[in-house]
Amino acid sequence: MTATRASYLDWNANAPMREEAIAAVNAALGRAGNPSSVHGYGRRARQAVNVARDAIAKLVNAAPEEVVFTSGGTEANNLALRGFPTRRVMVSAIEHESALAAATAVDGSRIPVTGKGVVDLLALAQMLAADPRPALVSVMFANNETGVVQPVAEAAQIAHRHGALFHCDAVQGPGKLPVDFRAIDADLMTISAHKIGGPMGSGALILRRDLAIEPLVKGGGQERGRRGGTENFPGIVGFGKAAAIALEDMEAARDVAALRDVAERHLLALAPDAIVFGREAPRLPNTLCIAMPRVASATQVIALDLAGVMVSAGAACSSGKVTRSHVLDAMGVAPAIAECAIRISLGWSTTGAEIDHLIEAWGALYARTRASAA
Amino acid sequence: MTAAIARKPNQPPVYLDYQATTPCDPRVVEAMLPWFTEKFGNPASVTHAYGREAEAAVEAARAQVASIVKAEPREIIFTSGATEANNLAVKGALRFHRQFGKDHMVTLVTEHKCVIESARAMEREGCRVTFLPVEPSGLVDLKKLEAALEEKTALVSVMAAHNEIGVIQPLAEIGALCRARGILFHSDAAQAVGKIPTDVDAMSIDLLSISGHKIYGPKGIGALYVRRRPRARIEPLIDGGGQERGLRSGTLPTPLCVGFGVAVALAEAEMRGEAPRLLALRQRFLNGLRQKLPRVQLNGDAEQRLPGNLNLSFPGTPALDLMAACPGLALSTGSACTAAEVEPSFVLRALGHPPELAASSLRIGLGRFSTEAEVDYAIEALAAAVKELGARPVTSALARAT
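Listed in order, the protein sequences are those of chains A and P.
Each residue of the first sequence is one higher than the one before, starting from 21 at the first, in our numbering.
Each residue of the second sequence is one higher than the one before, starting from 1060 at the first, in our numbering.
Certain hints may be false.
[What the hints assert, rightly or not] Straight line, CA to CA, 35 Å or less: simulated DSBU-like cross-link-like pairs of lysine-lysine:
#1 P:Lys1202 to P:Lys1172
#2 P:Lys1098 to A:Lys78
#3 P:Lys1098 to P:Lys1129
#4 P:Lys1172 to A:Lys78
#5 P:Lys1172 to P:Lys1446
#6 P:Lys1203 to P:Lys1172
[What the hints assert, rightly or not] Chain P is faced by these chain A residues, among others (derived, beta-carbon under 8 Å):
#7 Ala33
#8 Met37
#9 Ala125
#10 Met220
Honestly, the hints are just simulated from the structure, not real lab data.
All values reported here derive from a predicted model rather than from experimental measurement.
Glycine included, every Cβ here is placed at the ideal spot set by N, Cα and C.
Please take these sequences and the hints and turn them into a complete structure.
In structure tokens:
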């Protein structure tokens, strides 16, 4: 192994940008033009924003006017969950930190999940039936740590039956699986640019066109009064390019699934006591959440990092502390096992060599720890 | 239109809207590019090398931003822009302090829309807001400001340099009034930082909003300075992974942070030369125009003013007609945020201008890439257009609107 060998397998934290998106951002950066200005510079920026808006709407089968640009998924989740002050908020226990924290800020409640990592629809129906106040239900499209795809269309149906609105955090959906705002029948949906090959700092809330929302960031009336602030038009343009490519390149998702399955098979063959989470449920094609029992997550990610393999011990947020996953906790995984889990996530440019690199490094660590334990 | 003022076919219009936004400086773009391409780690992914190099770059940018306002790096909270920073400051401060009975804020009628809208939102949440008028110069009367402060005042929010009329408020004096009473002082410095010296200690500023794209940095990034000693306490607007000391969650956009940092560093290094250059261009513009159009009026204080800003009234010539008659110039009537509105600028109305005079006013923003030749061209174009429009019967947008 050479020291410079680097394998990036943390795509659920951040995907590298698509070449075309980089080119689009680069071209837009040097141009003046506030999309709200009425002169030619402003009008051209506005046009570029509208082209991107169309592409993003198409990616999730929504209407362009339903796209509200934000600074990213976290802001979009906060906008969605804080945007209906008269509704009580219910979020699944495995949501991203941004949805959980926003829900906590508005005294929201948690919907439990099953041991397979799937939101408990029966519990959702019971919680809705138990309290007649109007609600807002939020369930993610697919979990960022385990990759488990959630029954969001069913959840939306249950929510609507009880007069509730349904929000879907689909940050981990597009580019990995088809995501259809209409087919899910969501009222609100969060998407993020930097998870699909667009730039960091751009995201969107898809908002059903007849819904009025209380804005989080007020300003000059941009985004039809739903989100103030000068539009980040280079970011939006890059987001639009990435969205267009994500829609065309669904083939890539199939290749990724094959590589992920190779990794999973090999790791389980190397380590008969390893545990893969979410395996009994439909999963994103790119995500593998696996525990190497009796070796702490932090030890694993450090050892892999030293070997040049970049993975994570869960979501990449806040302090950098490696804490036990709230997702695995909610699934009822024993703490001793959950503390030994890592997340491996792949993307369209992941190679077989990178997967070999992972298997080699992970296998070496496993052999080392088992030898020293023996 | 006369041939003398037509731009050549392939020449883009002269950009005179530097207060709406600025192009990214090529040096900024160059610094950003590697972070879009090969260096793509999430700065919170400290478990691996790509994440750590992104984190280091974000921290270097934070130090650059802190330096220009004389703050400490850990007092800088990255946001998606000055609008978000202003929302965070106003809503965050009032939401935190009202639990201790401090439910009042003082601001000016001429603040940026996002401050006014945030204040209005807090009124709907039960807080009280005093919107102070300004003098005809656009400056606040410190005595009136002092008289508006109450026991229960939590926050004073006053823009450092105005986005439409360019006036620079007496920040140090306002800061001293607030500090003596234990009131938080927030300043929207989106137009000021990088153009005029801004010192959070000397000016007793507790919260300060900064923008990337107003100083040749990228759009989609800004910052709120939040004082640590004495600590300015605010509630977050956006919760989540706990980034930015829990005050602003969300993945930090590394390339935007890097570009913002470089833009700030360039502005800090070049301000000393840039400010007098822009001031000279501004004087050239004003003097040249006045020679041809003696009735032109300058709006806002002539001295306490951003070097690159002019706001001019052309009595009898509706601004929208004037803009239409000058296709070679990229101009605005005021804030881009409200550019689509037909109403004349609320800021100029607040200076006491009658509606027809307010509707005859243009904002002219000069910046880093403005040249003498562009200024001379703009003078010719505006003067010719005013004379031509003056010879025509009134069929203006204003006449249609009223």
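For this session: Please flag the earlier hints that this structure goes against, numbers listed from lowest up.
Result: Violated hints: none; all satisfied.
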